[in-house]
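Peer 1: Each chain, written out:
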Amino acid sequence: EVQLLESGGSLVQPGGSLRLSCAASGFTFSFHAMSWVRQAPGKGLEWVSTIGASGDITYYADSVKGRFTISRDNSKNTLFLQMNSLRAEDTAAYYCAKRSHASGSYAADYWGQGTLVTVSS
Amino acid sequence: QSVLTQPPSASGTPGQSVTISCSGSSSNIRSNYVYWYQQFPGTAPKLLFGPDSQRPSGVPDRFSGSKSGTSASLAISGLRSEDEADYYCAAWDDSLNVEVFGTGTKVTVL
Numbered sequence: 052e053v054q055l056l057e058s059g060g061s062l063v064q065p066g067g068s069l070r071l072s073c074a075a076s077g078f079t080f081s082f083h084a085m086s087w088v089r090q091a092p093g094k095g096l097e098w099v100s101t102i103g104a105s106g107d108i109t110y111y112a113d114s115v116k117g118r119f120t121i122s123r124d125n126s127k128n129t130l131f132l133q134m135n136s137l138r139a140e141d142t143a144a145y146y147c148a149k150r151s152h153a154s155g156s157y158a159a160d161y162w163g164q165g166t167l168v169t170v171s172s
Numbered sequence: 049q050s051v052l053t054q055p056p057s058a059s060g061t062p063g064q065s066v067t068i069s070c071s072g073s074s075s076n077i078r079s080n081y082v083y084w085y086q087q088f089p090g091t092a093p094k095l096l097f098g099p100d101s102q103r104p105s106g107v108p109d110r111f112s113g114s115k116s117g118t119s120a121s122l123a124i125s126g127l128r129s130e131d132e133a134d135y136y137c138a139a140w141d142d143s144l145n146v147e148v149f150g151t152g153t154k155v156t157v158l
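So the sequence lines, in the order shown, correspond to chains A and B. Take any residue in the first sequence, count from 1 to its spot, add 51: that is its number in our numbering. Take any residue in the second sequence, count from 1 to its spot, add 48: that is its number in our numbering.
A hint or two may mislead.
Unchecked claim - Taking lysine-lysine and the DSS-like style, the derived pairs with C-alpha atoms no more than 30 Å apart in a straight line are: (1) A:Lys127 with B:Lys115; (2) A:Lys127 with B:Lys154; (3) A:Lys127 with A:Lys116; (4) A:Lys94 with B:Lys154; (5) A:Lys127 with B:Lys94; (6) B:Lys94 with B:Lys154; (7) B:Lys154 with B:Lys115; (8) A:Lys94 with A:Lys116; (9) B:Lys115 with B:Lys94; (10) B:Lys94 with A:Lys116.
What the hints assert, rightly or not - Non-contacting residues of chain A with respect to chain B, defined by C-beta distances greater than 12 Å in every case (computed): (11) Leu55; (12) Ser61; (13) Ser72; (14) Ala74; (15) Ser81; (16) Gln90; (17) Thr120; (18) Ser136; (19) Ala139; (20) Cys147; (21) Gln164.
For the record, the hints were derived by calculation from the structure and aren't laboratory data. In this text, all values refer to a predicted model and were calculated from it rather than measured experimentally. Here a beta-carbon is modelled for each residue, glycine too, at the ideal position from N, C-alpha and C.
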């Protein structure tokens, strides 16, 4: 059974940093691209970032480019999102999602339950 | 960043059919697969269609998808109360090298 377990969300002040983790199990992690997708309270889904299966290709939404860094440790089946210079508008539930293919342009076929990031003073 | 445009809401009575549109551009919908996701309040999104419109196990065949040019559609036939949820389309954008999501449609069963 595929499982994705996010952690690391919390309350942080504007300008602060946070590192999210997503522990994956139930599939061959190194064969699949992975993504982070967020959802602000009461709003729709917003794609944040995608990393290829081997970790050598990354993509970012303009809203986070230069502030967030996606990475993965295939030896530990874990996905990360380093978030720096956080802003109030980054407040959201952050979902980890598995892609159905090594390429990030394919479906997000499994999602974690999300971790909440709140940016506020 | 560009988004795909969906109607904010759609509704129908039990047994009826509902269709949700998703409008994009040549660099996303025309060029790539379109995926649809279902989300119930307070829960994570769930994939309704995989590559080549493959339906993940557990997704009833009442749900179907189509695409024409720069638009896509999700059809729900035989509407049931448990279909009340938010629905999102998504596609990769080749020009921007980003994934774009639809604005979301809330389906209500009257």
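Peer 1: Give a verdict on every hint.
Peer 2: Here is what the structure says about each hint:
Our distance criterion of 30 Å between C-alpha atoms is broken by Lys127 (chain A) and Lys115 (chain B), whose separation comes to about 39 Å. A distance of roughly 38 Å separates the Cα atoms of Lys127 (chain A) and Lys154 (chain B); the hinted pair therefore is violated under the 30 Å criterion. Simply put, Lys127 (chain A) and Lys116 (chain A) have alpha-carbon atoms about 26 Å apart, close enough for the 30 Å limit, and the pair holds. The hinted pair formed by Lys94 (chain A) and Lys154 (chain B) meets the criterion: a straight-line CA distance of about 12 Å does not exceed 30 Å.
Pair hint Lys127 (chain A) plus Lys94 (chain B) holds up; C-alpha atoms about 25 Å apart against a cutoff of 30 Å. For the proposed pair Lys94 (chain B) and Lys154 (chain B), the alpha carbon gap of about 15 Å is at most 30 Å, so the pair holds. Distance check on the hinted pair: Lys154 (chain B) and Lys115 (chain B) sit about 20 Å apart at the alpha-carbon level, within 30 Å; holds. For the hint linking Lys94 (chain A) to Lys116 (chain A), the alpha-carbon distance of about 21 Å falls within 30 Å, and the restraint holds.
A C-alpha spacing of about 20 Å is found between Lys115 (chain B) and Lys94 (chain B), which places the hinted pair at or below 30 Å, so the restraint holds. About 26 Å separates the Cα atoms of Lys94 (chain B) and Lys116 (chain A), which keeps this hinted pair within 30 Å; it holds. Not every C-beta of chain B lies more than 12 Å from that of Leu55 (chain A), the closest at about 9 Å, which undercuts listing it as non-interface. With a least beta-carbon separation of about 19 Å from chain B, Ser61 (chain A) lies farther than 12 Å from that chain, consistent with its non-interface assignment.
Listed as outside the interface, Ser72 (chain A) is consistent with that label: its C-beta sits roughly 17 Å from the nearest C-beta of chain B, beyond the 12 Å cut-off. The Cβ of Ala74 (chain A) sits about 15 Å from the closest Cβ of chain B, beyond the 12 Å cut-off, so the non-interface label holds. Once the 12 Å rule is applied to beta carbons, Ser81 (chain A) is consistent with being away from chain B; the minimum gap is 20 Å. At roughly 8 Å, the least C-beta separation between Gln90 (chain A) and chain B is not larger than 12 Å, which violates its mark as non-interface.
Listed as outside the interface, Thr120 (chain A) is consistent with that label: its C-beta sits roughly 16 Å from the nearest C-beta of chain B, beyond the 12 Å cut-off. Every C-beta of chain B lies more than 12 Å from that of Ser136 (chain A), the closest at about 18 Å, which supports listing it as non-interface. Non-interface call for Ala139 (chain A) relative to chain B: holds, since the shortest CB-CB distance, roughly 19 Å, exceeds 12 Å. Cys147 (chain A), annotated as away from the interface, has a beta carbon of chain B within 12 Å; the closest lies near 9 Å.
Not every beta carbon of chain B lies more than 12 Å from that of Gln164 (chain A), the smallest distance being close to 5 Å; the non-interface claim is violated.
The structure shown violates the earlier hints numbered 1, 2, 11, 16, 20, 21.
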